[in-house]
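K.L.:
So you can see what is in the structure, the chains are spelled out below.
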Amino acid sequence: MSGATGKTPESPQVRPSEPSDEELLLRYRDSGEQQAFDHLVKRFEAELYNYLRRYLGNAAMAEDVFQASFLQVHLKSHLFEEGRRFKPWLYTIATNQAIDAILRSGKHRAVSLDSQGPEDSDVGTLVNILSDGELGPQEEMEVRERKDWVRESVNELAEPLRGVVLLVFFQGLKYRDAAEILDIPVGTVKSRLHSALIKLGGALKRRPIDTGEDE
Amino acid sequence: MHEDLLGYVLGSLDEEEQAEVERWLKDHPEAIEEMERLRNGLDAIRLEEQPAPEGLALRTSRHVFARSHGHGDVSSGSGVRRFQFKLTDYVVAASIVLVATILLFPAIQRSRTEAREMACKRNLQGLGVALNEYSNVWGGYFPPVPQTGQFSFAGVYGPTLVQGGFLTDAVALQCPGKGKHPNRRAPIPTMDNIRKSPQGSKGYEVLTRLAGGDYAYSFGYLHKRRYHTWTSAREDHVPILSDLPPEVPDSSNNSESHGGRGQNTLWSDGSVSWATTHTLTGKDTNIYVNKDGKVAAGIGSEDIVLAPSDSRPSSF
Chain V
1230 MSGATGKTPE
1240 SPQVRPSEPS
1250 DEELLLRYRD
1260 SGEQQAFDHL
1270 VKRFEAELYN
1280 YLRRYLGNAA
1290 MAEDVFQASF
1300 LQVHLKSHLF
1310 EEGRRFKPWL
1320 YTIATNQAID
1330 AILRSGKHRA
1340 VSLDSQGPED
1350 SDVGTLVNIL
1360 SDGELGPQEE
1370 MEVRERKDWV
1380 RESVNELAEP
1390 LRGVVLLVFF
1400 QGLKYRDAAE
1410 ILDIPVGTVK
1420 SRLHSALIKL
1430 GGALKRRPID
1440 TGEDE
Chain D
117 MHEDLLGYVL
127 GSLDEEEQAE
137 VERWLKDHPE
147 AIEEMERLRN
157 GLDAIRLEEQ
167 PAPEGLALRT
177 SRHVFARSHG
187 HGDVSSGSGV
197 RRFQFKLTDY
207 VVAASIVLVA
217 TILLFPAIQR
227 SRTEAREMAC
237 KRNLQGLGVA
247 LNEYSNVWGG
257 YFPPVPQTGQ
267 FSFAGVYGPT
277 LVQGGFLTDA
287 VALQCPGKGK
297 HPNRRAPIPT
307 MDNIRKSPQG
317 SKGYEVLTRL
327 AGGDYAYSFG
337 YLHKRRYHTW
347 TSAREDHVPI
357 LSDLPPEVPD
367 SSNNSESHGG
377 RGQNTLWSDG
387 SVSWATTHTL
397 TGKDTNIYVN
407 KDGKVAAGIG
417 SEDIVLAPSD
427 SRPSSF
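Heads up: the protein sequence lines correspond to chains V and D, in order.
The first sequence begins at 1230 in the numbering used here and counts up by one.
The second sequence begins at 117 in the numbering used here and counts up by one.
Read the hints as simulated data drawn from the structure, not as lab findings.
Hints are not guaranteed to be accurate.
List of simulated lysine to aspartate or glutamate pairs, EDC-like, C-alpha gap at most 20 Å [claimed, not checked]: (1) Lys1305/V - Glu1262/V; (2) Lys1305/V - Asp1329/V; (3) Lys1376/V - Glu165/D; (4) Lys399/D - Glu1252/V; (5) Lys1271/V - Asp159/D; (6) Lys1305/V - Glu249/D; (7) Lys1376/V - Asp159/D; (8) Lys340/D - Asp400/D; (9) Lys142/D - Asp120/D; (10) Lys294/D - Asp352/D; (11) Lys294/D - Glu363/D; (12) Lys1305/V - Glu1409/V; (13) Lys142/D - Glu152/D; (14) Lys237/D - Glu1252/V; (15) Lys237/D - Asp159/D; (16) Lys1271/V - Glu165/D; (17) Lys294/D - Glu152/D; (18) Lys340/D - Glu418/D; (19) Lys237/D - Glu1409/V; (20) Lys1305/V - Asp143/D; (21) Lys1376/V - Glu164/D; (22) Lys399/D - Asp366/D; (23) Lys1305/V - Glu1252/V; (24) Lys1305/V - Asp352/D; (25) Lys1271/V - Glu1292/V.
Chain V extracted, bound-state conformation (with noise of 0.2 Å):
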């Protein structure tokens, strides 16, 4: 039985042939090796960029987060310590460099969603308002329509709930992982995933579908 939705959280571009993240950086930590740190940059593109644009918004400023990230990859190198994994490294860096430059930029997000929506972390209640069978009028919604929906609601979610959403349920880490990431425990991690995912469910409910027919 597998439970995964079709993503494998761990590294999923690597083949097994191939070096590992760690041992990628480790050879450019102690040889210099440039190719090494190509092949990092190259296998986190599309990875890190996803999480980036979505963390701050902004196509333009993910561009720069991302490429400021890998410069602070370069530069603390030597302090990344053998038996350490690289992935949840990589995202603590780029997590701080985007806070960082949402702070330069000045546009600190308004929340509304914090407030709203069930409080209730009981994975029952996490189904019956996600499933598909309750969802009704928004399956005659156009997709890209609700993905817009989506994406402006996870926009509006409260920070600490914003930064788990985004690294497990956007990016596929593991809870452990985000835990590391965000310095939190991971018991938190999973009881604001539920408070996040609820509330994302609850926001799609209650969006306002237009059905076309005139009154």
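Start from chain V and add chain D according to the hints.
P.N.:
Chain D in isolation, oriented as in the chain V frame:
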């Protein structure tokens, strides 16, 4: 319902937790249907991945290695077809170019301005790499501007980086937006040049003006009567380099390097930002003067002063 069912569906559990949920599902087959509903619900709100911008990884690697490999693009000369032009082709082509130039002139001007701002930003990013590598070697400290003595001027960071092998291409010290500056394309003096030139002489004056190129570098700050140099270890990142200040630093005017529109600033973490004000941190209202309104060392650990090359941290 099992509390880790969501993590199981998302693939976010550790192997042990995953195995535990699978055991639980065997004992509760009715939950499998619920799990499928959850999976479908999650799929409905999942956003698809978008491709990264073309060449992002390549640009990133180039950006990171700009210091050691320079900024130029490598273009291949092979495979270019040569074309025989007739006179009429030249006339038509010239007319098209003329009309296009007239129509596009404002846009070209604008894009050239933007290109110069971007080139300046890239230079600062390259200097950021060099400064951070210096700080890695020297216990977290950026190149110091001594409080007094022969090397007590803001631009000393330039020769320090070049001579230490941290900056191989001194062109990075020159801002492409700064057309009228006499330093443009001038060589960066060596520490030896500066050491041999008597303080107060005309030669010393020229060397100290050239050393820092077209950027303003941060003086240290005075704290409890002691003079301190900035480090990369501070958690709150601080500005380290920026475009030169306006003629009157203690004013609200922007740097003249980009026509007064604003200034690029390099921060201690290596990032570069564009700002249209001198207030870059919440605790310092003007990065070009200290709390007393002087171009001199900062007063306290929150007072940043970015000064032109020949400025000295001691104002006495």
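K.L.:
Now tell me, hint by hint, if it's right for this structure.
P.N.:
Hints and how they fare:
no., hint, in the structure
1, Lys1305/V - Glu1262/V, "15 Å, holds"
2, Lys1305/V - Asp1329/V, "17 Å, holds"
3, Lys1376/V - Glu165/D, "12 Å, holds"
4, Lys399/D - Glu1252/V, "42 Å, violated"
5, Lys1271/V - Asp159/D, "27 Å, violated"
6, Lys1305/V - Glu249/D, "10 Å, holds"
7, Lys1376/V - Asp159/D, "11 Å, holds"
8, Lys340/D - Asp400/D, "19 Å, holds"
9, Lys142/D - Asp120/D, "15 Å, holds"
10, Lys294/D - Asp352/D, "30 Å, violated"
11, Lys294/D - Glu363/D, "14 Å, holds"
12, Lys1305/V - Glu1409/V, "18 Å, holds"
13, Lys142/D - Glu152/D, "15 Å, holds"
14, Lys237/D - Glu1252/V, "32 Å, violated"
15, Lys237/D - Asp159/D, "41 Å, violated"
16, Lys1271/V - Glu165/D, "16 Å, holds"
17, Lys294/D - Glu152/D, "63 Å, violated"
18, Lys340/D - Glu418/D, "13 Å, holds"
19, Lys237/D - Glu1409/V, "33 Å, violated"
20, Lys1305/V - Asp143/D, "49 Å, violated"
21, Lys1376/V - Glu164/D, "9 Å, holds"
22, Lys399/D - Asp366/D, "16 Å, holds"
23, Lys1305/V - Glu1252/V, "16 Å, holds"
24, Lys1305/V - Asp352/D, "17 Å, holds"
25, Lys1271/V - Glu1292/V, "14 Å, holds"
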